[in-house]
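Next come the chains, spelled out residue by residue.
Protein chains: 4
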Amino acid sequence: MASESLQPSANGGPRVLVAGASGFTGALAAHLLWRHPDFELVMLTARSQPGRRLDELYPRYRVPLPLQELDLDRAAEAADAAIVAYPHAAAAPTVAALRERGLRVVDLSADYRLSSLASYEHWYGEHPRPELMAEAVYGLTELHRDEIASATLIANPGCYPTASLLALAPLARAGLIADVVIDAKQGISGAGRVFDESTHLSMAGENIVPYKVAAHRHTPEIEEQLALVGAPGLRVQFQAHLVAIDQGEQVSCYVTPARALARDELRELYTDAYSREPFVEVVDGPPGVREVRETNFCRVFATFDEHTGKVLAFSSIDNLWKGTSSQALQNLNLMFGLAETRGLL
Amino acid sequence: MASESLQPSANGGPRVLVAGASGFTGALAAHLLWRHPDFELVMLTARSQPGRRLDELYPRYRVPLPLQELDLDRAAEAADAAIVAYPHAAAAPTVAALRERGLRVVDLSADYRLSSLASYEHWYGEHPRPELMAEAVYGLTELHRDEIASATLIANPGCYPTASLLALAPLARAGLIADVVIDAKQGISGAGRVFDESTHLSMAGENIVPYKVAAHRHTPEIEEQLALVGAPGLRVQFQAHLVAIDQGEQVSCYVTPARALARDELRELYTDAYSREPFVEVVDGPPGVREVRETNFCRVFATFDEHTGKVLAFSSIDNLWKGTSSQALQNLNLMFGLAETRGLL
Amino acid sequence: MASESLQPSANGGPRVLVAGASGFTGALAAHLLWRHPDFELVMLTARSQPGRRLDELYPRYRVPLPLQELDLDRAAEAADAAIVAYPHAAAAPTVAALRERGLRVVDLSADYRLSSLASYEHWYGEHPRPELMAEAVYGLTELHRDEIASATLIANPGCYPTASLLALAPLARAGLIADVVIDAKQGISGAGRVFDESTHLSMAGENIVPYKVAAHRHTPEIEEQLALVGAPGLRVQFQAHLVAIDQGEQVSCYVTPARALARDELRELYTDAYSREPFVEVVDGPPGVREVRETNFCRVFATFDEHTGKVLAFSSIDNLWKGTSSQALQNLNLMFGLAETRGLL
Amino acid sequence: MASESLQPSANGGPRVLVAGASGFTGALAAHLLWRHPDFELVMLTARSQPGRRLDELYPRYRVPLPLQELDLDRAAEAADAAIVAYPHAAAAPTVAALRERGLRVVDLSADYRLSSLASYEHWYGEHPRPELMAEAVYGLTELHRDEIASATLIANPGCYPTASLLALAPLARAGLIADVVIDAKQGISGAGRVFDESTHLSMAGENIVPYKVAAHRHTPEIEEQLALVGAPGLRVQFQAHLVAIDQGEQVSCYVTPARALARDELRELYTDAYSREPFVEVVDGPPGVREVRETNFCRVFATFDEHTGKVLAFSSIDNLWKGTSSQALQNLNLMFGLAETRGLL
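Protein chains in written order, with our numbering: chain A, 1 to 345; chain B, 1001 to 1345; chain C, 2001 to 2345; chain D, 3001 to 3345.
Quick caveat, the hints were computed from the structure, so don't treat them as lab data. All C-beta atoms, glycine included, are put in the ideal place defined by N, C-alpha and C. Treat the hints with care, since some could be wrong.
As the list claims (entries may be wrong) - Far from chain B by the CB rule (all over 12 Å, computed), these chain D residues:
1. Tyr3061
2. Gln3068
3. His3088
4. Arg3099
5. Ala3178
6. Phe3195
7. Asp3196
8. Val3213
9. Asp3272
10. Glu3306
11. Gly3309
12. Ala3339
13. Glu3340
Stated by the list, open to error - Quick partial rundown of chain D residues pointing at chain C, CB under 8 Å, derived from the structure:
14. Val3209
15. Tyr3211
16. Arg3217
17. Thr3219
18. Arg3235
19. Gln3237
20. Ala3244
21. Ser3252
22. Tyr3254
23. Asp3284
24. Gly3288
25. Thr3308
26. Lys3310
27. Leu3312
Using the sequences and the accompanying hints, generate a full structural model.
Spelled out as structure tokens, the structure:
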């Protein structure tokens, strides 16, 4: 099968490689590409475990391709696009090298999510390839659909910003957020293929624990995007929690609104915002993560609390799917002129 | 064994019955009494399943006593005190009847937690026996230790108020809370021995879901106690979430402080408040529920977020233990002049 | 949408209804039909909860059709085939009524799995409609593919027999089974939408427990099919266990072989048996249920233990998928001349 | 606190150290010693993480002692006995060194469980200190109580042999086992503090998987003990499975009996065997692991299957407790003349 990977696409569709396919998000991206009716998955790379087939590491995903070390020239010959699933800071050089060779790239890391270099360096240290920052489009599909369609480099959002922004965007756009607390909970898969106390079933199981208190890297990403939408200068209180489930992410937002809001007005605000969105479902009560597991859907619910005068906005996604890999496919669909929902329903 | 239950205590210690022993909290209270060195567990009652032994329903608790229908006169003869584990509104008449017969009572329901009858009736409907409200002492041991020692009727706190109040009391006492959002997460055992979609492993498993949005009955209980401590008139934003674990409750509090606070000052505030508390542990980072599972401990951590100017206070308890049944024992210890920690370490 | 359900198929493919769609297996069958490229899901029926939409009960399945009470004449007008997901004994009358009206039926219950009426009545009591027993074809696709293609009534296998028979069929066919012990483990979803101690997360969680000791109804089904394949007269020791996971079923078979077998010979036996099977994967080590979760695949591994002289055969399936609902689709595909894998990969 | 550890026991009871206290079983042994009314836990050693306190690694166990590197002379001065929780082969040299210095030792490893050196070397490789094999007593309390009371070196049984032998001993003693298949299932804690695919919640979760097929090291241990009890020459078919729970081990034994047995006779056989055992409970149906979680109890149930003529024997334990660490305490109690149940009820 490896030899096939250098051939033109069998089905004539865009040829895609996944760099970093041994991790949770890269492997899922490979799975979604493998079963996609139009894309052809042509190559999987991973720094660890070269030679092993992905279906040995992730039997359930049933992708019978071998993991290879990344050879940039072979990659350029084999593929039209790449999904890069590397850790922060490690991604940028590979993203840049693939871009130089003409591949369109969806970067799952944080390297190109922020527009401010200073902000990046504050949170992540020196940026290896800042010159591509201007080119990158932030890949929250629902907020930047038009730019994504013509983009060559997508900075795929973090899972926490995805859920938070979809919960808050309608309020931000209407200028209604005076203050906001975001309390986010995520399953253990969010820690990735990391082997330590935080992921051992007998240590992480039956637990709920906050982490990265008062210092979560996703805060600037959320603030920057909210500012773009219509809430400039907001200081977001964001707190993440790890919960003993596998996949799933739930976000509860407590908004001090700029003015009082009737529940009907809220409902209309959210319905208007999302009625034409194929992957955002506005529902009548707070959505659980089980409702969206292993889908690209985000469910959103907002209401007004008369007792406190606050607006409560809730959302739930699958952190590995809409939070990362299926959203990458959603963006890739747009980049290649395909229907946004292709291969995702 | 049933016949023994009418005899004077074999070990000479106070004789206790549990009314409503077939539910999760009543059964745990029975377990804790059974292994307690001083109390004698003399009787278990339950409206359902009379005749069955508790160790058939809850083998792990190993309490070999039968469940009986409650006979008030036999109860009065057999016991010096009772733990009543009935649902809200159903508890009050039994509590009153036991009190009339001279038993000291720890009531696990909400029936006597609020001092305002109007507030009770707003949230729970008509109160069956309001005349006992004046007698009841709110049983959050750390806040009301002295009154508990001489009390005849304890309104044992809800698990959410327990975790929330222990997280917030030092701030409230110092007059530092201008506004607060409480985001609480709890395992499925919090739903009790209820059999429906919310507890079925294949429906509640792998889920995180908010519930009782903008309408949680624990809000007035938290507000009333915070007012007593030093934060009158506060409107608390409280939101509960059900998480797919068994036991455990984690609370994250987002406080807009009345003034800026240094982290050291916060640390000192909490250490001062709890250094002599046998069951409250002030820790250096956000505590997970696994750290306190099946214990009477509450772990607390507070810090200041310079980015937002908010104070973050976290706590974790076991909802069935410190959240309910072991706190009942902590109170019972005090009511009978025993060391507060007796049977709980 | 209900009104549409009486129209001819929009896509021209066979029109299918699911009777008993509110349970786990019926709901999954509806989900698989809804996303199937050729079948049209035209009607959902359920005795409980009429009027509710399936996507309220099972949001994740995203089937926006209402549950109706079963009207046989409307059903006959609307559908070409039915999947009946009723309990044992309740199924037969409905199956018969649908057959009388000309629908092809896949029955998920045990009512038509056994060829011996005496055996049925021993295990299940009186048979409501025994006259259809002769017509029914046992729907373990891999064993009865040809008869299934021309069948009008399929008795879909139980999940335990499915996993057990796929593990043992190659040995049985070769006349190699002198004695066999089958130890089977299954997740809580196997208990279905039943609300009691056996499914409550706080009671069924963190548990492993054998059930139906020395009396499992699946034994005669396994024995009868093994006899058909080539192991007549075998008395199968079958033991089921409930395990605190959601979906998944694992079977370990301990076979006293009629003669010693080399590991290579075993490997060849299984490879020969299954190399052309689209949904049976012969693997190199014991398969876990996670490898087949939410797929129609069965994984099988067999080896010889020189220490004891026994053959060990292992298999794993998803009890709701290959164990029930996706196998029903596999059969329905064959019954309507479609590729067996259609809609299932 | 470290300095205290060299002092004579504060309560005058035997002073015990735990070597290898950072792993799951060593840490639990430390917890049980810490709360034991008679033993004094004087020292914790661990090769990794010296200087850290055990309650940082395992907060819930609440043992506030530091982990030290093992200094044999200081150990000999500080302690009367040691529990050694090292991996196989690594344990023997330390066990021998502690014995040379006069400490009584309970060894949790397999190094001294087998009486045959050849058998040990077949399964584990060269034995570092075989000369102590003759001294060691196999620490399944219920089988070797008298020898344990006077022993200086206990080879604490493996968890699988513990559950298997307690299920089978009454049958073996009566000469009733002609053949036996043991199918054992265990939670993830059985893998210990090992960080890899087999313990990651997102990879080990929702799984059931057999492991070590036809090659489990516990087989000779079970066979040797069964031979001692009365079943010489038996070839045991033993198969282990890993199940996605935390703690718990369930064993199902399928016995071909030497002769037919009535259910009453079986019941009597087991009742006679265990009626005076404080930690073995003969029950009326197959016991789940939840019934014995975090206890030193073993529950046993046996019955006769008329359909197959086989005897079915089931047992359940907590693999970390009766399977390892609480059984070590049970033995230590006996070695120091204490009541066997001391500190364990």
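Beyond 12 Å from every chain B Cβ: check whether that's true for alanine 3339 of chain D.
Holds, since 16 Å exceeds 12 Å.
Evaluate the condition: distance from the CB of tyrosine 3061 of chain D to the nearest CB of chain B exceeds 12 Å.
violated, 10 Å
Let me know if the C-beta of threonine 3308 of chain D comes in closer than 8 Å to any C-beta of chain C, holds or violated.
holds, 5 Å
Is the nearest CB of chain B more than 12 Å from the CB of glutamate 3306 of chain D?
About 27 Å separates glutamate 3306 of chain D from the closest Cβ of chain B, which puts it past 12 Å; holds.
Given a cut of 8 Å on the nearest C-beta pair, is the interface hint for arginine 3235 of chain D held or broken against chain C?
holds, 5 Å
Can the hint on aspartate 3284 of chain D be confirmed by a CB-to-CB distance to chain C that is less than 8 Å?
violated, 11 Å
Interface hint check: tyrosine 3211 of chain D, Cβ to nearest Cβ on chain C, cutoff 8 Å. Holds or violated?
Holds - the Cβ of tyrosine 3211 of chain D comes within 8 Å of chain C, reaching about 7 Å at its closest.
Holds or violated: is the Cβ of glycine 3288 of chain D closer than 8 Å to a Cβ in chain C?
holds, 3 Å
Minimum Cβ distance from glycine 3309 of chain D to chain B greater than 12 Å, as the annotation requires
holds, 31 Å
Beyond 12 Å from chain B, beta-carbon-wise, is alanine 3178 of chain D?
With a cut-off of 12 Å, alanine 3178 of chain D remains clear of chain B, as the shortest Cβ separation is near 33 Å.
Please verify that hint: glutamine 3237 of chain D, Cβ, nearest Cβ of chain C, below 8 Å or not.
holds, 5 Å
Beyond 12 Å on every Cβ pair: is that true for glutamine 3068 of chain D relative to chain B?
holds, 22 Å
In terms of the numbered hints stated before, the structure departs from hints 1, 16, 23, listed from lowest to highest.
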